[in-house]
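S.K.: As a plain string of letters, each chain reads:
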Amino acid sequence: MTTAASIRQASARSAAARVRHALRRVPVHVTVAIVMAIWLIPTLGLIVNSFRTVRDMSQAGWWTTLFPPAGFTLASYETIFQTPGFSNSIINSLLITVPATVLQVVIATFAGYAFAWMRFRGRDLFFLVIVGLMVVPVQLTFIPVLKLFAATGLAGSFIAVWLAHAGYGLPFQTYLLRSYIGSLPKDIFESADIDGANHVVKFWRIVVPMSIPAIAANVIFVFLGVWNDLLIAVTYLGQSANRPLTVFIGQQTTSLGGNWQILTAAAVIQMALPLAVFLGLQRYFVRGISAGAVKG
Amino acid sequence: MARNWTRESRLVTLVVAAILAVAACGGGAASPSAAPPASPGGESPSASASGGQLGGQLNVWTAWGGEELSAFQAVLQPFIDQTGIQVNLLTIRDQDLQLSNNVAAGTSLPDIANPPNPQRYEEWAQKGIMKPLEDFIDMDAYLANTLPGLLLEDPNYGFIDGKHYLLMVKSQLKGLLWYNPKVYTGAAPETWDALVATPPAPATQLFCAAFESGDASGWPASDDLANIVMRQSGEQVYIDWYEGRHKWTSPEIKQAYEAFGQMVANDKVYGGTNYVLSTNFQRGGDGLFSDPPGCLFLEQATFMPAMFVQNDPSLKAGDDFNFFPHPKFNDEFAGNVEGFFDTFVMYNDTPQARALMQYMVTDQAQQIWVDEGGTLAASKNITTYPDVLGENASKILQEADNILLTAGDYMPADMQRAFWKSLLDFTNDPSQLDSILANLDQVQAASYTQ
Amino acid sequence: MDDRVIIAIVAVVGVPLLLVGYIQLGEWLLDRLPRRIAGRMRPYVWVFPAVAFATIFMVLPTINTIFISFQNARGEPVGLDNYVFFFTNPETLTSLKNNILWLVFFTGAVVILGLFISILFDRVRYESIAKTAVFLPLPISAVAASVIWKFMFEYKPAGQPQTGTLNAVIGVAGFEPVAWLINTTTNNPALIAVGVWTSTGFAMVIISAALKGISSELLEAARVDGATEFQVLRRIVIPLLRPTLTVITTTMIITALKVFDIVYVLTSGAYGTDVIARQLFQRVANSDYGRAAAVGVVLLIAVLPVLLFNIRSFRQQEEVR
Chain W
1 MTTAASIRQA SARSAAARVR HALRRVPVHV TVAIVMAIWL IPTLGLIVNS FRTVRDMSQA
61 GWWTTLFPPA GFTLASYETI FQTPGFSNSI INSLLITVPA TVLQVVIATF AGYAFAWMRF
121 RGRDLFFLVI VGLMVVPVQL TFIPVLKLFA ATGLAGSFIA VWLAHAGYGL PFQTYLLRSY
181 IGSLPKDIFE SADIDGANHV VKFWRIVVPM SIPAIAANVI FVFLGVWNDL LIAVTYLGQS
241 ANRPLTVFIG QQTTSLGGNW QILTAAAVIQ MALPLAVFLG LQRYFVRGIS AGAVKG
Chain S
1 MARNWTRESR LVTLVVAAIL AVAACGGGAA SPSAAPPASP GGESPSASAS GGQLGGQLNV
61 WTAWGGEELS AFQAVLQPFI DQTGIQVNLL TIRDQDLQLS NNVAAGTSLP DIANPPNPQR
121 YEEWAQKGIM KPLEDFIDMD AYLANTLPGL LLEDPNYGFI DGKHYLLMVK SQLKGLLWYN
181 PKVYTGAAPE TWDALVATPP APATQLFCAA FESGDASGWP ASDDLANIVM RQSGEQVYID
241 WYEGRHKWTS PEIKQAYEAF GQMVANDKVY GGTNYVLSTN FQRGGDGLFS DPPGCLFLEQ
301 ATFMPAMFVQ NDPSLKAGDD FNFFPHPKFN DEFAGNVEGF FDTFVMYNDT PQARALMQYM
361 VTDQAQQIWV DEGGTLAASK NITTYPDVLG ENASKILQEA DNILLTAGDY MPADMQRAFW
421 KSLLDFTNDP SQLDSILANL DQVQAASYTQ
Chain R
1 MDDRVIIAIV AVVGVPLLLV GYIQLGEWLL DRLPRRIAGR MRPYVWVFPA VAFATIFMVL
61 PTINTIFISF QNARGEPVGL DNYVFFFTNP ETLTSLKNNI LWLVFFTGAV VILGLFISIL
121 FDRVRYESIA KTAVFLPLPI SAVAASVIWK FMFEYKPAGQ PQTGTLNAVI GVAGFEPVAW
181 LINTTTNNPA LIAVGVWTST GFAMVIISAA LKGISSELLE AARVDGATEF QVLRRIVIPL
241 LRPTLTVITT TMIITALKVF DIVYVLTSGA YGTDVIARQL FQRVANSDYG RAAAVGVVLL
301 IAVLPVLLFN IRSFRQQEEV R
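Chains as they are written, first to last, in this note's numbering: chain W, 1 to 296; chain S, 1 to 450; chain R, 1 to 321.
Hints were generated in silico from the structure; no laboratory data involved. Keep in mind it's a predicted model, so treat the numbers as computed, not measured. Note that beta-carbon positions come from the ideal geometry of N, C-alpha and C, so glycine has one too. Careful, some of the hints might be misleading.
[As the list claims (entries may be wrong)] Derived list of chain R stretches under chain W, where covered just means 3 residues or more per stretch with a C-beta under 8 Å from a C-beta of chain W: (1) 107–121; (2) 143–155.
[Unchecked claim] No farther apart than 30 Å at their CA atoms in a straight line, the calculated lysine-lysine pairs in the DSSO-like style are these: (3) S/K328 - S/K316; (4) S/K268 - R/K150; (5) S/K316 - R/K150; (6) S/K247 - S/K328; (7) W/K147 - S/K127.
[Claimed, not checked] Partial selection, computed: residues in chain R whose CB lies under 7 Å from chain S: (8) A179; (9) I182; (10) Y264; (11) V265; (12) S268; (13) A270; (14) A285; (15) N286; (16) S287.
For reference, chain W alone in the conformation it holds in the complex (with noise of 0.2 Å):
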């Protein structure tokens, strides 16, 4: 039976069943709304506050903004906006995290495929190795990787924080994906093989299609991950001027800490593209998109 089949026969019983009906959801829409307040108010007093001066928030809480008289200034964004190099720097970071989001997916999904519906010899230590490397500081990596760019040639280039960035984040992305992908029904795999369906036309006919909400989750959390770093840009772009906005927030503070308040416009600026994405990939998480695709 599907939603609207359901919704259709609610809608044909009786009125007093329907007030029922609607007032047994009350409880459920008051615990979305705490939850939603709960998860809401951090952030909504950063919001406010990057609108404020430094003095009005030493001297009062976020929340009396909210009443006049509300005192609100840009202050904050145009410190940010006039600054040279701005621009440039989000530019930067997109040069960056596309690429890198774009690489780690596509060899995580394929890795996800292979460990999921392949046997070979080594596979399980294979993926224990992997898994168990989510576990390891990436700190302690640097300098080994460092000499083999600078062996390379890659040092100081976008290249090389690509390849960090997907040389970090791949066990994650591989781990969430073969166990997604893993989930799909064994019968669609079944009936592509009577049709002959080689392991490429399967995996872009079948595995991609029904792991799109598994695929969009890890495009947020890699472009997020991305997006927010700073470790990883400052060890391998190394004389390169080519900084993203991360560095670029950093410059905005003095070495003291001064000029903080500059940080909730940045955060405001800097959360402000992944939640756009996170929003244009809301549309992948619903049902049906890989409809059928549990065993019934």
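Start from chain W and add chains S and R according to the hints.
M.R.: Same frame as chain W, now just chains S and R:
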């Protein structure tokens, strides 16, 4: 259906293979441009061709941001105009880590950057990673013009095998007692005992303090303690202490903690210790300007006015805030003051890097730095400041018997962090002093030998 | 047009083509091989890029790390000294204790809340708006999160207007303000709460994606058969989500073991809140790679049981599908 799939997949293969071939060529052409310019402008003696201008490029790392960075850019502007050198400025906060990673991996270093942790000076000087100032700076003039302090012939300050490696470019004076002249109208207390005996009225408490500083919380308190040790027990104890030769449980250090405790006792300090520990040091002055006044005094360095003004832009130097020097404990060590110096090291010996190092210690550059505000010069020749507070602070530095540097900066990182943390723990619970100091002795034993 | 734009075009067009081309070409070559050999080779073609990346960026450096863990800061061999240090130093022992707190409470809260929230939000028509609220903390960098939570935890002495959200709220209820991050009974729970606030969105996105994979026919059929909502949840939804919950739990255990930036920016490990990853970071920053490496190896060993559990659950997944 099956046949369709297979045929389609073959078609895709062909198309992709063709594109790949093209992309490979394109990629081959583009990848060299992605590599960093090898030692930028390193060997460009052709500079003289362009009308006496040196030209070329320089990569410079600083930890500065905001006004500090724009002040540095103002300092650089005449240099850029005169030499035609393009200066690529990067703000990098964890420079020691980035520099040492690059040294370990053999990747390129910035031409000029901050020095590494003092523990690396000797090795990096001997390996030629840091370049000695003697190669390109007129040392007689530099030593004569510059405040003492880092110029001491001490390996801790980058003096290795008879050569200097750290170029002092600007300075701060620490351990000042800031007050609001509209609230505190008395004379400056000359001794520590007089300071702590000052009646707090009309303020509610005598002292303000704020020690939170994110991942470096506790450092503001470490300056308070450093100022006590150097004035109470003298420079030799002070140096031995940060070099790990003087125990934390010794009577000298213990009495310094006890004196520090007079400043941050729960009933002596504005807001109580919880407030001190959870408030960022930038907001340490709030109690000076509150109504009714929260405190009379705040101990902090010469950079503090920038934070007063950040929190309340209407405050004016001299009218709303002023300072007096740290009071003495005894006459013998009254001339010890704590200074902080911003320094640069040259990592690549290029004509451009030499030119900038030489330029930064000229009176022209020093004066621009001072005029931009928020800092004291490293050169003794600079006596004109934007306000009288700067001039007074500069005089204290110039007239000091000894300029001693921030103790924590010369301790191994483990020791420094344990030191900062001990001050937070002690402020939180002064009754634990003996066990806190005993723990510091353990860290000392472990961290200096490694 | 600068170099960057050219690189970008090459990358955005070239990277996907390169990868797609690799697999197409690989399969094309496999098709040319005898069937038996092709079948044996095929999986390696598919996992090669991932394994190659993992080997270069993580496996080899990790092997290097294991060697370094038996050396001191100057690179001289010291046997097990770094491990002895780890298990005897009072600071690392405090950190170890806190990591166990994180492991239990952070992991538990994120998994339970993530499950609860995805199921709850699945029931309302404005689901995507509700999910955005919980997702919102994810794109916030650690530095920005520290700014946010300083506003939340801010402490002013009793009697002054409280500018911190939490103290203002409890002030309205008539309580004295609390120094959340200083007070040793509240600081670890406060930090863990920040972690939960940040990570629940992650669990929600993954669980929610899996939830959408459960066919509504199946659920409706059970309801028609008279199953209560709770029974549907317990007997159908949760068993079907088990692989996903394993993934979330594993990821959160690893996050709890590696937790670093929240503690680093909010308390820097003072007042008994230190964690082992912050200890490790401090050693790396000090170029004390021997002791840092030992911490890394301890982390690796600590995660082993989780890995074995994963392998087992994947085997189960293969058997039942």
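S.K.: Now tell me if each hint is right for this structure.
M.R.: Hints, verified against the model:
Chain W is given as covering the stretch 107–121 of chain R, and this holds because 3 residues of the stretch bring a CB closer than 8 Å to a CB of that chain, at least three being needed. Evaluation of the coverage hint for the stretch 143–155 of chain R: fulfilled, as 7 residues show C-beta separations to chain W shorter than 8 Å, against a requirement of three. Note on S/K328 and S/K316: the hinted pairing holds, with a Cα-Cα distance of about 28 Å set against a maximum of 30 Å. At most 30 Å may separate the alpha-carbon atoms for a hinted pair to count; S/K268 and R/K150 meet this at roughly 25 Å.
Distance check on the hinted pair: S/K316 and R/K150 sit about 28 Å apart at the alpha-carbon level, within 30 Å; holds. Proposed proximity of S/K247 and S/K328 is supported: the alpha carbons are some 23 Å apart, at most 30 Å. At most 30 Å may separate the alpha-carbon atoms for a hinted pair to count; W/K147 and S/K127 meet this at roughly 19 Å. Evaluation of the R/A179 hint against chain S yields a held restraint, the C-beta minimum of about 4 Å falling below 7 Å.
Contact between R/I182 and chain S, as hinted, is supported at the beta carbon level, the nearest pair being about 5 Å apart and thus within 7 Å. At a threshold of 7 Å, the smallest CB-CB gap from R/Y264 to chain S is about 5 Å, leaving the interface hint in force. Checking R/V265 against chain S by beta carbon gives a least distance of about 5 Å; that is within 7 Å, so the hint holds. Interface hint at R/S268: satisfied, since its Cβ lies 4 Å from the closest Cβ of chain S, which is below the 7 Å cut-off.
Against a cut-off of 7 Å between C-beta atoms, the interface hint on R/A270 holds, since the closest Cβ of chain S lies about 5 Å away. A least Cβ separation of about 5 Å between R/A285 and chain S falls short of the 7 Å threshold, and the interface hint therefore holds. Residue-level restraint check for R/N286 holds (minimum Cβ-Cβ distance to chain S is 4 Å; threshold 7 Å). The closest approach between the C-beta of R/S287 and any C-beta of chain S is roughly 5 Å, which is under the 7 Å cut-off, so the hint is satisfied.
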